[in-house]
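Asker: If you want the building blocks of each chain, they are given just below.
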Amino acid sequence: MVLSFTKSGIYCEAGDFYVDPWRPVERALITHGHADHARPGHGAYLATDAAAPVMRHRLGDIALDTIHFGEARQIGGAQVSFHPAGHVPGSAQIRVEVDGEVWVVSGDYKTTDDGFSEPFEPVKCHAFITECTFGLPVFSWTPQPKLVDEIHDWWAKCQAAGRPAVLGAYALGKAQRILSHLNPDQGPILTHGAIENTNAVLRAQGLHLPDTIYVTPETKIKDHPGALVLATPGGMGGPWMRRFPNASTAFASGWMALRGVRRRRAADRGFVMSDHADWEGLNTAIKDTGAERIFVTHGYTSQFARWLTEQGYDAGIVETEFEGESLDAPSEEEAAP
Amino acid sequence: MKAFATLFTALDQTTKTNTKVAALADYFRTAPDDDKLWTIALLSGRRPKRGVTTTLLREWAAEMAGIPLWLFEESYPIVGDLSETIALVLPPATGTSDKTLTDWLGIVRDIGQHEIEDRKAIILQAWSTLPPIERFLFNKLITGGLRIGVSQKLMTRALAQATDIPETELAHRIMGDWTPDTTTFEDLILTDDPTADASKPYPFYLAYQLEGLDALGDASDWAAELKWDGIRGQLIVRQGQHFLWSRGEELITDRFPEFAQLPDFIPDGTVFDGEVLAWQNEAPMPFNALQKRIGRKTVPKKLLKDAPAVLRAYDLLEQGGEDLRDQPYAARRKRLEALLNDLPDTLPLRLSETLDFQTWDDLGQIREDARNLHSEGLMLKRLASPYLSGRKKGDWWKWKVDPLTIDAVMIYAQAGSGRRANLFTDFTFAVWNGNELTPFAKAYSGLTDAEFRQITAWVKKNTIERFGPVRSVKPTHVFEIAFEGIQASPRHKSGVALRFPRMLRWRHDKPIKEANTLDDLKEMLETYG
Ligand SMILES: [Zn+2]
Ligand SMILES: [Zn+2]
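Chains P and W supply the protein sequences, listed in that same order.
Every letter in the first sequence is one number past the one before it in the numbering used here, and letter 307, counting from 1, is 307.
Every letter in the second sequence is one number past the one before it in the numbering used here, and letter 190, counting from 1, is 190.
Next comes chain W alone, as it looks inside the complex:
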């Protein structure tokens, strides 16, 4: 695993993309094929099943380090990473090992088949033979959480440099339903196979947050749709089967059985891009309806009835087996509309309607109204654009509605973890309920580093009480909290739950008496919930 650790260190020691890609390309030129295949698998989110619970790993690590478990548990949030915490508390290794990445992954893959005592022996043996960085990586592999600061896109670019195969071709080859046990580096990467896996999706094109309308030019070059808060999905019908992929390139076909009827109606070689939504009475349901379905591998009948799903399709990537991605968006849309027009509306497919507008001002008006339609805002797409892969600026933009805001009082503070271990960054906010402050949201982003330093110094001097890592502080500071949505929540004391709350501004100008009230929140719930 030395070569992989060297690669990891090289990637970790630079913030420059080109240097990262060069280090990775170098690795792809020199590593053995099976190590390369595993590296591709790991960097594209394919990892072995976890064979040991993290609870056991913590116990064994504390035991080996000679510290009580509570002290390990207290250290963990400060380090912010379990694998790193384990690597840091363990005593130095007493032996050495020359196992390869593939050897270690074999161990990780098979460890679940052993009795607990044997698992422990295997783990302790690994810990006592690996130097610190390899030990950290081993922990990452065993807990299935290896992220090494390289996106799938950069990995593909490096692989292209090392193999001289075009990046887009590679992006397609590494998608689909494979593991290092079902293929080889030769077959997956180097072989051009036209009958490749029928399930293979196209890389998603991702939109950027709009920075300003000025750069977009004439409004007539653009199409717009309402943006819905669901799951981005690619729906594939090929060889009489259907497949549904999420944006995280996870195959989620089984979680949405309502799509199983599609191959009876839709010809082979058809691929849609769209948003999976919980849908009732021809309108989207709140996001938490869909949330209930995301976590489940299989879906009980009642849930299918309570939260039926549809795909709101907005793009057609393949038709009759032909890759349409190079065609202009307008042409793809035309085909999509024609195709959906001919289908019965009992199918769980809906067209994502394009909006009618002449000028940017027209569109601005529509956006103002979007929240009332339970939409997150608008999507803008350039009519002449091809379907690109990954996040590329210029052709697709998100134009979100402005967030909702409320002024709240900070009442609890907690130190951050990992990146922000030495600062207080996690805060609980409250609104007035009569003369009492009722907590309603936690937020940990939105301030500058300088502001976090300032508030940290203040928290240290104004702590009232400590509850483990949490400190209650003297109600003094008012912050403007921004959030994307509000829902009723009986689990919370305030009765509401916010979506994506964050600190928008530190209101140095406001005394706490002028913060908002619980009634204000309830009114927002009435209007937008």
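Just chain P, same shape as in the assembly:
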């Protein structure tokens, strides 16, 4: 076994390191900066240079070494390299090779190019450890250009009705992905503090985002007619929303594919947009690795593993503490001021 599954996380004995461990360990290789993958308390961290600024922002003063995409590095008896996962900027799949046997940990990923994150690259391997947050055939994502049109269209309708348009999205990744495709000529774009903090980090590392206005306690929505407000899902549920009376609300999430979830969030609109792979994406990604052994970690694991087994893979379930895409995840909002 190149990698094994322990109480602390996914472990490589040959290199004595962990990948995205959930308990404090000596040496951790981190796929990306989301809180369920990049946790505090490890002795040493290794991540891509594009993922590093967000990790420093979130985890503070950590011993963080960086690596380029595609660069090979020897750690003990293991050779490791990081490859784009297309999930958020800097997110990686981690390839581990020991004595010619190659395993890949997917982290979180999506296979379609969002025009913002480094696009997903399939990596050949013998064993693939994959998430399957949306591992059911009911999940199929709307193509991004259509989504971007839908968002602008809703924004225009809100402007015509004189209502602010408040759009809920993850503070790291989703919000910036949307932002990068918004047309700033249509109207002012306001942001929740947690999103603006991440914007600042990403802008500083050279990613282009349109100008935004940070919502402070003094912000009056009257001063920004025709605004689109990017909010965190948590912010939308709380007192923060009181400054936008009469707002039209929307969420951008893969869960918006389900009408029931849309209704539970009681939002006016749901944009089906995820940074995780849909059914088609998962199946294609797995096929493209050429792997025979597949481990599924989080999401609809029992169904997806059974499906893969029937497709002829040697598939198993690994219990991890990764969370996938949760509409309710407060962990993504810890950075809120």
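Some hints could be false.
To be verified - Listed next, the in silico DMTMM-like pairs over lysine to aspartate or glutamate satisfying Cα-Cα at most 25 angstroms (straight line):
| hint | chain 1 | residue 1 | chain 2 | residue 2 |
| --- | --- | --- | --- | --- |
| 1 | W | Lys-461 | W | Glu-514 |
| 2 | W | Lys-493 | W | Glu-451 |
| 3 | W | Lys-461 | P | Glu-319 |
| 4 | P | Lys-7 | W | Glu-465 |
| 5 | P | Lys-124 | P | Asp-49 |
| 6 | P | Lys-146 | W | Asp-12 |
| 7 | W | Lys-461 | P | Glu-150 |
| 8 | W | Lys-513 | W | Asp-407 |
| 9 | W | Lys-2 | P | Asp-153 |
| 10 | W | Lys-2 | W | Asp-98 |
| 11 | P | Lys-146 | W | Asp-98 |
| 12 | W | Lys-393 | W | Glu-484 |
| 13 | W | Lys-474 | P | Glu-321 |
| 14 | W | Lys-474 | W | Asp-509 |
| 15 | W | Lys-474 | P | Glu-319 |
| 16 | W | Lys-474 | W | Asp-407 |
| 17 | W | Lys-461 | W | Glu-451 |
| 18 | W | Lys-392 | W | Glu-169 |
| 19 | W | Lys-16 | P | Asp-153 |
| 20 | W | Lys-2 | P | Glu-150 |
| 21 | W | Lys-461 | P | Asp-49 |
| 22 | W | Lys-460 | P | Glu-319 |
| 23 | W | Lys-153 | W | Asp-177 |
| 24 | W | Lys-474 | P | Asp-36 |
| 25 | W | Lys-16 | P | Glu-150 |
| 26 | W | Lys-460 | P | Asp-36 |
| 27 | W | Lys-461 | P | Asp-36 |
| 28 | P | Lys-222 | P | Asp-211 |
| 29 | W | Lys-461 | W | Glu-484 |
| 30 | P | Lys-7 | P | Glu-321 |
| 31 | W | Lys-153 | W | Asp-26 |
| 32 | W | Lys-334 | W | Asp-407 |
| 33 | W | Lys-2 | P | Asp-149 |
| 34 | W | Lys-460 | P | Glu-321 |
| 35 | W | Lys-153 | W | Asp-164 |
| 36 | P | Lys-157 | W | Asp-26 |
| 37 | W | Lys-460 | W | Glu-73 |
| 38 | P | Lys-287 | W | Glu-63 |
| 39 | P | Lys-157 | W | Asp-12 |
Just so you know, these hints were derived from the structure itself, not from any lab.
Once you've looked at the hints, dock chain W with the ligands against the given chain P.
Answerer: Relative to the frame of chain P, chain W with the ligands by itself:
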């Protein structure tokens, strides 16, 4: 069907009542008459008979999607809706269609007459020509489950806006025993017909849960009755015939043949509002006696004898053909009492007695005792109030008895569906039976979203074993379970079945050893069963 899909999308994209009504009124102004009539039929619960079983639909959908049936079946509870699951798994449409809502409903209505293979061809053809939302709606029509978040009341309001006919008048016109095949939009909605269908009921007035006595004012302005757990029913005698309607506006006359003798004793033009109850020895029987009769279209003799039904009448809506709804409740009651007084008590009609009380405290005392009388609590009615239609706050209130409660240990968890697909929300609870935990109830409501999130995270980390979608978890958490009633049930391992169990409180303060026992439950069964 494009216009109907646009309407559906508009309704689905807002939570604001006024926006919904406006969208619907707009549709009623612009759609063709036969589409409007079908829309009214669908929104008032009149739908074509199901011509294809859902079993076949699932098989065909899985086949068209290229997935095994088990995977379809696993997806269904997560989506929480069969029509939506089918629409989501199917590959994108390859053609287009310009059939109207009425065209599609014609197909849905007639499909049952075809051979299975032809039915399949019709369904697959529909799926491959409809875009996603219309495909979803088509599935809803074919399975007969279309609900689009608009009550009959809101639909009537929209129709009133579009036609300038008063809402109450329309509410009455759209009731009764019609289908789009037996009438037209012109006849049903636009024509004022005084000899309209004799069976036509009045819209029911619905009571609210009491929030507090303070708002009610003086006790002398109110009447009170015991509340019984039966079927709300409107009993009509007109033109020598009788009709019984349930609150869901379903005609259930044939299920209760004991009322057939009433036209011999009661003058034409009489309408009662009351509660249908299984009744023996001048007392109500437990609800499950009545339950046996609800599911049946025809009633075998033995059941008629074992669970005879009566109407406990509490209001008189029409007398001598005159609509009494604008008269004060007190006046309607007087007429009701006089009318029932003159009838022989061999008839299946009983007066719902009013309770004697001077003060709210008196009434509170009576309520304390209500459960012992097998009553659910009290109904309060303002003496001066007219009979309103639908749910309007202010004149009728339910003042239920406090629920029974028990402390139980959570032992199984299951993810919710639809609205709560990504949370664990459905739990099985157990009580102690010696050193063992015996499951006795399932509950899935009563916690806040934050609590569901908390318990979800916990379940993920404390799963012992998976049985399909169900996970057994380490017995750790105690919940206070509230319920409305308890009955003996040989089908359940615990020997009891609860009515409306739900989670009242998460007892973080209680260790599992302090949860209640099976003996405690049995004692409750003795007292209240
Ligand atoms: Zn992530
Ligand atoms: Zn994740």
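Asker: Holds or violated: W/Lys-474 with P/Glu-319, Cα cutoff 25 angstroms?
Answerer: holds (16 angstroms)
Asker: Measure nothing beyond the straight line between the CA atoms of W/Lys-461 and P/Glu-150; if it is 25 angstroms or shorter, mark the hint as holding.
Answerer: Violated - the C-alpha atoms of P/Glu-150 and W/Lys-461 are around 38 angstroms apart, more than 25 angstroms.
Asker: W/Lys-2 and P/Asp-149 were given as a pair; does the straight-line alpha-carbon distance stay at or below 25 angstroms?
Answerer: holds (21 angstroms)
Asker: When you check the alpha-carbon spacing of W/Lys-153 and W/Asp-164, does it fall within 25 angstroms?
Answerer: Holds. W/Lys-153 to W/Asp-164 sits at ~16 angstroms (cutoff 25 angstroms).
Asker: Please work out if W/Lys-474 and P/Asp-36 have their alpha carbons no farther apart than 25 angstroms.
Answerer: holds (24 angstroms)
Asker: Under the criterion that the straight-line Cα-Cα distance not exceed 25 angstroms, is the pair W/Lys-474, W/Asp-407 satisfied?
Answerer: Since the Cα atoms of W/Lys-474 and W/Asp-407 sit roughly 17 angstroms apart, the hinted pair holds (cutoff 25 angstroms).
Asker: Just to be careful, I want the Cα atoms of W/Lys-460 and W/Glu-73 compared with a cutoff of 25 angstroms; is the pair within it?
Answerer: holds (22 angstroms)
Asker: Between P/Lys-287 and W/Glu-63, is the straight-line Cα distance small enough, at 25 angstroms or below?
Answerer: holds (22 angstroms)
Asker: Within a Cα-Cα threshold of 25 angstroms, do P/Lys-146 and W/Asp-98 meet the stated pairing?
Answerer: Holds, at about 23 angstroms.
Asker: Would the pair W/Lys-2 and W/Asp-98 pass a check requiring their Cα atoms to be no farther apart than 25 angstroms?
Answerer: holds (8 angstroms)
Asker: Below or equal to 25 angstroms on CA atoms is what counts here, so check W/Lys-2 against P/Asp-153.
Answerer: Holds, at about 19 angstroms.
Asker: Starting from W/Lys-16, check that the Cα of P/Glu-150 is at most 25 angstroms away, please.
Answerer: holds (21 angstroms)
Hint violations for this structure: numbers 2, 7, 21, 29 and 32, all remaining hints satisfied.
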